[in-house]
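Since the structure of chain A is already known, use the hints to place chain B on it.
Which chain is which? The protein sequence lines are A and B, in order. Take any residue in the first sequence, note its place counting from 1, add 507, and you have its number in my numbering. Take any residue in the second sequence, note its place counting from 1, add 56, and you have its number in my numbering.
Quick caveat, the hints were computed from the structure, so don't treat them as lab data. Check the hints yourself; a few may be wrong.
Unchecked claim - Calculated pairs, DMTMM-like style, for lysine to aspartate or glutamate (alpha carbon to alpha carbon, straight line, at most 20 Å):
| no. | chain 1 | residue 1 | chain 2 | residue 2 |
| --- | --- | --- | --- | --- |
| 1 | A | Lys545 | A | Glu516 |
| 2 | A | Lys689 | B | Glu158 |
| 3 | A | Lys635 | B | Glu158 |
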Amino acid sequence: AEPLPLTPESLNVSIDSAHQYLNLQWSVHSLAYYQELKMLFQIQISRMKTSNVIWVGNYSTVVKRDPVLHWSWKSELPLECATHFVRMRSRVDDAKIPEPRFWSNWSSWKEADAQKSLGRDPLFLFPKDKLVEEGSNVTICYISRNQQDNISCYLEGQQIHGEQLDSNVSAFKLNKVSFIRKTGTNIFCKVDQKDVIKGIVLFVSKVLEEPKDFSCETQDFKTLMCTWDPGTDTSLPKRSSQSYTLFESFSGKKILCEHKNSCNWQVDSDSQEMYNFTLMAENALGNRSVSVLFSLTHRVHPKTPYNLFLKNVSGTKATVTWKVHPIGNYSTLLCQLDLLGEGNVIQQHNVSIKENGEYLLSELEPDTEYMARVRCADANHFWKWSGSISQKFVTAEAAPSEA
Amino acid sequence: TPEPYDQRGIIEELKISFKELLDNYLQDEKGVPKSSQYEMPCFTADPRPPHYLDSSAILPYFRAIQPILNNQTLDVVIEHLDKLEFQRAPKTNVSVPTDQFEQKRFILTILKQFSNCLNSDLVSKLFQ
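Only chain A is shown next, with the shape it has when bound in the complex (with noise of 0.2 Å):
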């Protein structure tokens, strides 16, 4: 029968310390019977020696035969403050083969040291120059060279203690960091009686905030407005910038906005009816997403009106004619006329209308100073009013009574 369990080989750690993440790369040989096999692997993570064991986790994956296969940890602890080891076993975690179904050995340990890497320097100080978002928990080290120097750290110029790590090493856990400013959190450490610093930068980003009151209108179905509030501006500059994107599922196009607020989509001619938008906002920590579904149709916001005027103004009398830009072929479009009287609303009309409008205003009083105030909507699905346009006008004297 197969000689199970199958114990991992070539284990090859590597380091990625900008990103703090061991990397690890393995293989399990001799599937023969056996097109691929869903497996558990065993993953151990020791720091500062192979007896302090400070993570055990599980991978399980389907294995195909004679694989190459990834995983990669994050550590918390910038890598170059401690030696780390990996060692993994497997077993077998699938339905062909009965229970029971035993471990593997494990397989060696793996050593990976940063500080190999490391300069002469006499004191180091990490992580360098780290972009993290403002709340998270972030520890920082420092290594000296000299076990008998005498170290002292500050933060924003006020002392923080650690814990020691090694004879040389001291680790500092920041917990939910604040955001101070757009250049950076400032930690240094100094030798005390020397003229050694180290210092590092750790550039904290407000927390990215989903868009609110997305929404997209049009005023020519031609092109699509779409609006937002970004909330915070969680930039920095040289590290982190915001940018936003629009994604259309129904065409699955996709454009990236040239504001932080808004963004224009020009709408194809055939006129697509409905739109299924995705707003996704994006920094280089994360990013977050809203979506608006909605009929073109629906979201009409006409243009204000235009040439106002007053003809054949009487005592009692006066035509209002006015301009609308024309929506499309169909849109019909209901203004309303309001005449004002001092400052006071005292006539309301509504006027459906497709390009020029046009009203006979009555029951005016004579020598009387007025304002008409003309705006328009969408006749069919009211989305929003235009603006206004006004016209002031005075009304004729009233004829001599006939004596």
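Quick look at chain B alone, frame taken from chain A:
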């Protein structure tokens, strides 16, 4: 090079804008220690009589930190220093540390050293 009474006016305006620059930087960047590794020269005397002030040794340092600080007050300070530059002095290149924290120490050290320059004998002689 401007006449002495012009130089006095320039120095007085320079002192005002520089004080604002330094105060803002100290306020903005807490917890950054100076560094003894960085040394910036001061004003020198113009080689031609009557030996007015020459800022040509200082300007390269301010121009080097200009893109980093991206600050309007610094632009004004540099404008004043330009007026005090002896045109035919050799242009020197100043390299700024790439390490972010060292960059801040460099800027702070330059600004503090220039503060001393403004109180130097060479400058005060201008007002005697």
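Results of checking the hints against the structure:
Pair hint A:Lys545 plus A:Glu516 holds up; C-alpha atoms about 17 Å apart against a cutoff of 20 Å. Pair hint A:Lys689 plus B:Glu158 holds up; C-alpha atoms about 17 Å apart against a cutoff of 20 Å. Between the alpha carbons of A:Lys635 and B:Glu158 the distance comes to roughly 11 Å, so the proposed pair stays at or under 20 Å and holds.
When each numbered hint is compared with the structure, no violation occurs for any of them.
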